Each structure stands twice: as structure tokens, then as C-alpha cells.
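*Asks:* Listed below, chain by chain, are the residues.
2 protein chains.
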Amino acid sequence: MGRKSIYNSLRPFVGKPILKRYSKERRGIEMKVSKLVGSRFKERPADCVIDSHALMVRGGYMKNVGNGIYSEFPLLKRITAKIERIIRQEMDAIDGQEVLFPVTLPADLWDESGRYESVGNELLRFTDRNNARMVLAMTHEEAAVHLVREYAQSYTKYPFMIYQIQRKFRDEARPRAGMIRVREFTMKDAYSFHTSQEDLEDYYEKCYQAYNRIFARAGIPEVVTVASDSGMMGGNISHEYMLLTPVGEDSIVVCTECDYRANMEAAENKMVNEDTDAPEELQCVETPDCKTIEDVCNFLKSDVKKSCKAVVYQKNVDDTFVVAFVRGDYEVNETKLRNLVGGEIHPAEITKEDCLVAGYIGPYGISKGAEVYLDVSLKGISSLVAGANKEGYHYTGLNIERDLQKADFVDISKIQEGSICPCCGKKAITIKRGIEVGNIFQLGTKYTKTMSMQYTDENGQQQYPIMGCYGIGVGRLAASICEVFHDEYGPIWPITVAPWEVHICCLRADDKEAKEAADQLYQKLLADGVEVIYDDRKGIRPGAMFSDADLLGVPIRMIVSPRNLKESCVEITTRDKSVKEVIPVDEAIESVKELRKKLYDQIQEKVSR
Amino acid sequence: MGRKSIYNSLRPFVGKPILKRYSKERRGIEMKVSKLVGSRFKERPADCVIDSHALMVRGGYMKNVGNGIYSEFPLLKRITAKIERIIRQEMDAIDGQEVLFPVTLPADLWDESGRYESVGNELLRFTDRNNARMVLAMTHEEAAVHLVREYAQSYTKYPFMIYQIQRKFRDEARPRAGMIRVREFTMKDAYSFHTSQEDLEDYYEKCYQAYNRIFARAGIPEVVTVASDSGMMGGNISHEYMLLTPVGEDSIVVCTECDYRANMEAAENKMVNEDTDAPEELQCVETPDCKTIEDVCNFLKSDVKKSCKAVVYQKNVDDTFVVAFVRGDYEVNETKLRNLVGGEIHPAEITKEDCLVAGYIGPYGISKGAEVYLDVSLKGISSLVAGANKEGYHYTGLNIERDLQKADFVDISKIQEGSICPCCGKKAITIKRGIEVGNIFQLGTKYTKTMSMQYTDENGQQQYPIMGCYGIGVGRLAASICEVFHDEYGPIWPITVAPWEVHICCLRADDKEAKEAADQLYQKLLADGVEVIYDDRKGIRPGAMFSDADLLGVPIRMIVSPRNLKESCVEITTRDKSVKEVIPVDEAIESVKELRKKLYDQIQEKVSR
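Top to bottom, those sequences are chains A and B.
Counting from 1, one number per residue, gives the positions in the first sequence under the numbering used here.
Counting from 610, one number per residue, gives the positions in the second sequence under the numbering used here.
Accuracy of the hints is not assured; some may be wrong.
As the list claims (entries may be wrong) - In silico BS3-like pairs for lysine-lysine, Cα to Cα no more than 25 Å straight-line:
id	chain 1	residue 1	chain 2	residue 2
1	A	Lys580	A	Lys597
2	A	Lys32	A	Lys524
3	A	Lys157	B	Lys651
4	B	Lys766	A	Lys35
5	A	Lys315	A	Lys406
6	B	Lys766	A	Lys77
7	A	Lys157	B	Lys641
8	B	Lys766	A	Lys512
9	B	Lys1147	A	Lys157
10	B	Lys766	A	Lys42
11	B	Lys766	A	Lys32
12	B	Lys1035	B	Lys988
13	A	Lys35	A	Lys524
14	B	Lys900	B	Lys924
15	A	Lys157	B	Lys686
16	A	Lys515	B	Lys766
17	A	Lys77	B	Lys686
18	B	Lys1121	A	Lys157
19	B	Lys914	B	Lys879
20	A	Lys35	B	Lys1058
21	B	Lys1058	A	Lys206
22	B	Lys815	A	Lys32
23	A	Lys449	B	Lys644
24	A	Lys598	A	Lys580
25	A	Lys157	B	Lys988
26	B	Lys644	A	Lys157
27	A	Lys390	A	Lys291
28	A	Lys77	B	Lys815
29	B	Lys900	B	Lys910
30	B	Lys1055	B	Lys815
31	B	Lys644	A	Lys206
32	A	Lys206	B	Lys686
33	A	Lys538	B	Lys766
34	A	Lys35	B	Lys815
Honestly, the hints are just simulated from the structure, not real lab data.
Treat the numbers as computed from the prediction; the structure is a model and nothing was measured.
Construct the complete structure from the given sequences, taking the supplied hints into account.
*Replies:* Structural data, given as C-alpha cells:
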């Protein structure tokens, strides 16, 4: 397959007919910087914590309307439209059929799945004029099952996948970082339906690859997948697509020796305590005024790595105490614990009347009224310091395997830097930060069972279909690309998602010759179907014009100036500063088109097939 | 300009790259009827009043999710995507810049414009997790002003137009007729900003023409514009785009002699009573048990056309009575009355204590406590029957001009069939029914003034920009097209918005030769970039296959059957039954492509430039 076809295939807006109505040319839509709606300014807004947010506000990409709610200026809308187009093409290529679900849903659909009750405040519930209960959809599993449960009553209809690109609302407690964590957003969400786990897994793999292509085509092949915990979505196997960046809000566990990657919830903490010290005798000692494990270790002058810390929760259903014991220097991962407990939990409030003695809780002699979990980080330690379940006292010399009647160790702690990789077994775990730009889930039958969706199989038996679901946040992806590709002056958009391909700056547009030359180049590029924005503002200094161009982040820049025109030349540069050439005017169009091809090819090379 | 270029320009999905990834061909996306997600069934659903609703439910286009809320199956999504594409192209062609506003808006934006208070229950108000007041946007004037009020502070930025295609929610009291009147819907809404009324009018005219092109390209050049009342939008001049159909919910005033068209609210009732009878003497007569004007006329054996009817309202602000007098056979148009009153009114509740005598209200001797409006339908009548403002009595022989001290006639009645055209003056008014598929408004400064959006003019003075706004409901347009183009078996989609261009039916797909021939034709059409859906289901009778095809409403059908193949032929028909040909297999592709071109040309011929 030739380069040319690949190149064309990557250019979302090319081939769009009637750009100039009823012309045979594939003419681009005219746009001048002087007409582009959107305010640009110099000052970094005080409320912007991360660079992409600051630059996209400063550049006139978006405007805050309310808490975690934004309007998109034309600049951002062009970028998100390109992203959506890439997504649609890849979803269609894996036999996805585009549908549209409503943003507002009747509560009874969410009653069916049980999520009207089980999801927290991030689900916005409201009532309409007739007092009917409704929700703003934050995800559309219920709507997807509702749409197809009459259609897909025979096994012959399977498998199939439906997707939509639609607004969603999630009433986040703390919206932040511009488009990274908002309350209202555009999302592509896809739902696949299968008659067997194998078939789901086959499709899951296809979708996995489609996602890799989407991110590569959007210019960020760096996105990595991590195994994840499915959380409130139900189901088991799931992956998150993470863009690694220091400003990301998620922690990702990465092995430097193999390709293991997981989020903190999914990363198994494989602890091996190589403790060769002889076990001490179990002793109850007075530890006055020692409320934390650090206090105790300081007081006893013992190593915190030889201590046993208690973290106490209560079950939401009946307030039963759940005590998690981890090594003093480890943290409990609540998601892991919640999965073991099998229900929602919250931090405990312990009173004098309770069976637990706050500050002095230990596994030895603990009340039978509490549910106890021992983390693997405690395994194999010869002598531990631990609470004595008695006000003002701790044990020393606790050896769990020796002293407790029953000692099942489970994985409820957060993995740490330098831990053992659960995949290759080497001590090569690092913790990185990332932005989640997509996720895929094997949902199983959670929704089809609760919502009574069934089909008749080959043998005439009724079965519940197995589902997968697949999401990408469009606005977050745009912001993530900006977060990766920017400098202090503005975004550096990959050409596949850039608002335009070429930016013409006419310095001294009051100079007749310069203006005429720039006008001609602009018209020629438009006529050739190149997406071009033209800055022909008069009376603006080159520095200001370039500052604006930097904020627009268009990959190719063509600079027309009286000085270069004296030599019959124009200057061509790239936003990333890798190219800076002065070339004859009459070669300018071809040079720009070649450069453009090269930029698309560079992205294409990273798209795996 | 040649036919070919016109033809290509009308085909929204052609030219879309990477239909088959990385192939040089403009290959269509594969789709078989057996895989198309959506249920089809025979029975007309009981709750469907109009045909388009019934057919679009029966055909698997959409599914009701809640009161006035629908999901779109792939079939409808393909149609709305084509409509959106046509709209985008025409908006871009008049220099529109696409933006995106949120669906959820903070209430304080609507406080600024005053609409948080003034709009009724159709505005859905809710609170978020922090108890902040919010609304679901039903229209986006406030959001538009919010987006651009910092940007457009200098006259040099004007004029400009921004538009979006976005979901909206309007909490309709009575959703009905499928996609015609729903609560959640996709709408294209555009907002233009100007520095002079002349400039607004110029742009308004451009948009007016763009709308005509949009409807013509969507296959319904029959759409007419009517002058309308702006209602809650503010401003003065506005037009509605009406598709005339007996099932429409709006009444439209049309002159058969000139091109005058208006909605009932905007149509001036030009009454001339040619009453040559000599005026009678004013007499107060007893009219026992006559509560309605018909009762009175029957009792007095007088013509209802010579009676004066009272319709009583109260002002919302202070419950002042507003009495509208119209000729006995006319109806009050509340919008006209409201505009005269200058505020909201509601039907009156009259008690014994009030200054009005219910059932006997007349203009002569009425209490000064009521605000009185006399309709033009009463002008020039020599002798009227009217209430005497006294329990059990009416006047006869009332001559308003003679008997009342002051008699200003105003237009507060609904125009009737056969009335005088306000434009050409002929008695040629007819009343038609229509669906409103779009509207355009000259908003004036209502929003810029209330929301403090200003710019500095050439002279350094602060001014309020003048706005226009322009809406089209995407789903309603799809349903309207179906309402106009259908038969008892299904929709007959115009090729520009049809879900596919060609539908191949392989009768007897169990016949090896028939299957192979159909497969080949399918692949060839796909390779040529034709949008084709293929029915190769086995064991299905031709009647059932055609029924499904009729419900899909694809304009061109190619039927491959063993019988025709014996003669080396296939059959080509159109959904509207205008074409039915048996042609040699090896000419089939070219024939289909020619027919396709013809169908696009037929639509193009009606698009005015």
C-alpha cells in the first residue's frame, strides 16, 4: 500500500465535499485570524493549575460557564470534530453502528439496574414538571440495554456493537484542570453484546487495537494501557488508556523490566518479607500517649517496617467494623478492600462503647465483632509491634503465623515504588502519573440480568447476553494532547487534530506587495484543499502576530514579509521549531504540501495495523 | 458549472475518506439487513397518531425511552447525520463558525436575561450536589452572549455568526407525534451579532436563503416561510419555516392570490363589515338563562354575526380584568391580545364580588375597572346584540361608533378562511396546517442589553450589538420529511437524507448463483463508494424482504432473483415506484449509478442559488 493513500486517509477534513459550494475543487473553508471568534490574552489565568488548561483558556479555545462546565470556541470545536471523526472511523471499522441515546433518562431505567440507588452524588437526579424522577446520564449502559432488548432476542443477532458520541453529565465534587475533569462532557461510548465470554474477549481485543489506533492517529501513540479495577461499572476485566504525564491525576504502576502496567487498584502487591531474625517473645508493653504507629515505633525505638498498623472501616449496610492490618509503612487500597468485603465501606467512627479500642487495635486478641483482614505486607515478619486492644498498651514480638490461630494474608495494600512486579517477579515497580483518556470494560451480565434482557440460544434456551463497554472522553483527549504537546507559548497540535494545517502570517499587510503575495498563497492553498488560516491584520507587530499563531498551535507556518519577498522568498516553519526554511515563493505551495504530507506520515508510522 | 460537480456536492457521505481503511477506493461501509440493529414490526403502535411516528417506530428508527424522549437506532442516526451535514455546509457557507455550548447551564446566566423568572415550566430547573441552581438549556441566547461578550468589544469584530448542533431539553406539557414534539432533541441554533439593524437585515436575508437551500437539499423544497410572532424570544421580525401537511400542529394563514403567509399570531385580521342596514335603536332587553352569545342570538333570533362576544382575562401581575370584545363568530388570538396588553394574561375567574357580571358583559356601560379591547371584527356593524352588564339583560341595536364615547378598534381576533389578505387586499385567505421545521428571528438588543454586552463603535461610544438567531430541529426535520414522503408501507426517503442510496434484495439467498451474483453487485457498488445495504437473509420470503425494504425506505432497490438471473438480468426499482426496470446484470452497476445521479439532480434542480 502506497504512502499516498495512507496520507489521504489520515486527513479527516480532506475530501469533505462542497467546501466551496458546487466547485469541483476540494476547497477549504476560508478563515482569517481577524474573523476567528475567541479571545486571546497573555496572562496566565490564576485558576489554571496545569499548562493545557491555561493555554486553552488563553488561546480562546474554551470558556468557563459554570463549575466544571465549558463552552467551546470554534478553535476547540474544530479539534474535537476531528477527534470525533477519527473515533467514528475506527468504530465503524470494527463494525460499530452509531446510535444516539438521550442525555436525560427516566429514573426507572436506573432503578432496573439498581444504579439509581447505588451510585453516589455524581449521578444528578432531578424531577420534571410532572414530578417524574429523572437523571442526567453519566453513562449509558441502561439506555443501551433498553434500546436493544427487544431487537436481540435471538442468538442470530449476535454479536453486535452500538456506539454514540453524546454529552454526559457527572456531578463531580471537584472539577479541575480545565477539560481534564469537568462535569459536562462529550464522550464516545460503545456497547457490545455477545453470546459467549470467548466472543466478548475476541471483540474486546479488536476494540483494544482500535483504541490504540485512535490514540496513535490523534498524535499520542504514547498512550499505554493499564489493567484496572472496574469499580461501579461491574464486570471483571478492564483496561484504562493512560497518557503518562506528571500532571496526571491517576497513579499508574509500571514495571521497568517487563511490560506490566496496572492502576493502583488492580496492581497486586506481591510482598516477600525476607526477615531472618529470630522471633521474639510476645510481650504486652505500656505505650502511653502513643496514638499512631509512628508514635509507637518512636517510643519503642523499633523499625516501622516491623510494625502492624490498623485501618478501620465500617460497612455501609450495617456499620460492622472492618479492620485492615498492613505493615506500618504501607497504605490500604480501599478498592481492593471493598472488593474483598463485597460491599461499600466508609472510614469508621469508634466510640468508647464499641468493641474496638481506638489507637490500640491489633490482630492478637481483637474482638470477634470485627471483620479482620491481614495484608500480605505483614507476612513473614518474625516480630511485630501491634496494638494490644487495651488502652495504653501494645504488643512487641508478635509473630502472626505463630500467634494467631488463623492467618490468611490478602492483598489490600497499595503497591510501592521498588516492589516486586506481579508479572515478571523482579523488584522493578515504579509509580507514574497519568491522565485516563479511555477505558474498556468486560461488563459480563450485570446489566442484562438486572434489566431482564435475554435471547434464545441454538438450543431454544433463554440466556443473558454478555456485554462489553468502551469509552473515550473527547474533550479530555483534546486537553491531554495539548498537555503533552505544548511549550510556554502555546499548544503544538499534531496535524491530524490541529484546527488548521497551515497558518499564513502576512507581516506588514499594509505593504501592497506582501499582501498580494500572501493573498495569492492563501487562495492557492484553499483551492488545493489545504486547511489554512490567514493572518492579514494590518498594524500589528510581528511579535504579536507570532504570539497569536503560537496560541493557535497550527503545525505549519508560512511567513510572508516584505524583506523575504525582496529575494522572492517566503519562510516556512513548523510550530515545533523542527523546520525553518526560506524558500522561493513559487515553490512555496509545493513545499507546504510536502511538509504536510511528511507530518501526516510521521503520525501514520506509529499507527499499528 | 457542470452537472457532475453539482451532483457530487449533494452527496453528503461520498468523499468521506477511509471508508475502507487505507484503500484508495472511496469504499462504502458494509451493512447487511441481517446485522442492522433495530426492530421492525408490522402492527401500527396504538399510541402513534401520525403516520411518520408509526412508521419510524415500526421500522426500527427510534425507541421511546420516556415521556417525549427517544433513542435513535442506526437507521435514524444515519439520516440525522446527513441532515446535520447539510446544515453545517450551509451554515459554513454563510460564514458561520461552529461552537459548542453546554446542555446544562448555571441559573445565573438566565437570571441575567430575566428568563429564569419569565419562562414557564418548559424550562427545566434543577439543583446540583452543591445546591447550585441550574437549568437544562432549551435555547442558548444567554450562552451565546456569555461566550462572546469579552471577544466582541470592538466594532471591528462585527458582524459574526456562531452556531452549534447540540441537544436541548424543553419540558413540554404534551409531547406528541413522535419526533415532531419531543422534550429532548438535537437542534442547530445559530446566533449572529451586528452593529446596525441594516447589517442584521442583510445577514437575516442570507440566512433566509441558506434555510431555503437546506430544506430543498433535504428534499422538501415545499417548505414555506411565514411571518411569525416572536413570542418569548423577544425582538420583532421573525419567520417560521413551515412544512404544509394536514397533520401539522400549527395553523398557517395563506393567501391564494398573492404570496402572503403568516402564522395565526402574526396574521392581521383586516375586517370590513359591509353592513348597509339602518342602525336600530339601543334597547335593553331581558335575556333569561342566556349564558353564551349563541344562547342570546337564538333567543333573540338574531344573526351571530351581529353580536358582540366578551372574552375575559386577567393580568398576571395584578389580576386586573382585560375584556376582549370580538364579533360573535370570531375567536380571540391570545398572542395578539397579550402583545397589546404588554404582559402575561390568563383566563379570568369572575366572582359575584367583581365589577363584571359574568355572562352579561358588553362594551356599553362596562365598569371602568376593566381594560377593554374592541376587535376590528366589530367595526361598521349597524346594530349589535351585546351584554348589558346587568344580570339577565342584553342590549340590542348597539352601534359602537354611535353609542360609545371612544371606540378604538384593534386586531385581537384570529383571521378566518375567506378573510381579506392583509397584503393584496383580496378575500383569498385560506388556513392550512403545518409543521414548523425552522425559524429565524431578529432579536434586537434584548439579550445584549440585559446581559451587558457592549462594543466600542467607530466614535469611541459604547453600543449594544444587535442579534439574530436561527434554529432548525434536526429530528423534527427527519420526521417531517417522512410525514411528506411515505406510503402505507414505509418512508420514501429523498436520496440526500436516505440512510442508504441502494438496497440490494437477494431473493433466494440459498440459491448459489443468486447469492454469488448479489454478493458481486454489492461489492462492486461498495467499491464505487455507493452507500448500499444488502439483504442476503436466507429462508425469508420475498414479501417479507420487500416489507422490510419498504420500511427502510431506501430510494433505489436492486432485486437479484434466480428467475431474472436465468435471463442474465436483475430488476431495478425505486421506492416511490416511478422506476421498475429489468436490465442485464452487466449493466446493473452503471444503471444504478445513473439512476442515483438522476435522483440527486432532481433534488438539486429545486435548490435555488
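*Asks:* Hints first: check each against the structure and report whether it holds.
*Replies:* Structure-based check of each hint:
no. : hint                 : result
1   : Lys580/A x Lys597/A  : holds (17 Å)
2   : Lys32/A x Lys524/A   : holds (15 Å)
3   : Lys157/A x Lys651/B  : holds (19 Å)
4   : Lys766/B x Lys35/A   : holds (7 Å)
5   : Lys315/A x Lys406/A  : holds (23 Å)
6   : Lys766/B x Lys77/A   : holds (20 Å)
7   : Lys157/A x Lys641/B  : holds (12 Å)
8   : Lys766/B x Lys512/A  : holds (23 Å)
9   : Lys1147/B x Lys157/A : holds (14 Å)
10  : Lys766/B x Lys42/A   : holds (19 Å)
11  : Lys766/B x Lys32/A   : holds (12 Å)
12  : Lys1035/B x Lys988/B : holds (19 Å)
13  : Lys35/A x Lys524/A   : holds (20 Å)
14  : Lys900/B x Lys924/B  : holds (24 Å)
15  : Lys157/A x Lys686/B  : holds (20 Å)
16  : Lys515/A x Lys766/B  : holds (20 Å)
17  : Lys77/A x Lys686/B   : holds (21 Å)
18  : Lys1121/B x Lys157/A : holds (23 Å)
19  : Lys914/B x Lys879/B  : holds (16 Å)
20  : Lys35/A x Lys1058/B  : holds (23 Å)
21  : Lys1058/B x Lys206/A : violated (54 Å)
22  : Lys815/B x Lys32/A   : holds (20 Å)
23  : Lys449/A x Lys644/B  : holds (23 Å)
24  : Lys598/A x Lys580/A  : holds (15 Å)
25  : Lys157/A x Lys988/B  : violated (70 Å)
26  : Lys644/B x Lys157/A  : holds (7 Å)
27  : Lys390/A x Lys291/A  : holds (12 Å)
28  : Lys77/A x Lys815/B   : holds (24 Å)
29  : Lys900/B x Lys910/B  : holds (15 Å)
30  : Lys1055/B x Lys815/B : holds (22 Å)
31  : Lys644/B x Lys206/A  : holds (18 Å)
32  : Lys206/A x Lys686/B  : holds (24 Å)
33  : Lys538/A x Lys766/B  : holds (14 Å)
34  : Lys35/A x Lys815/B   : holds (18 Å)
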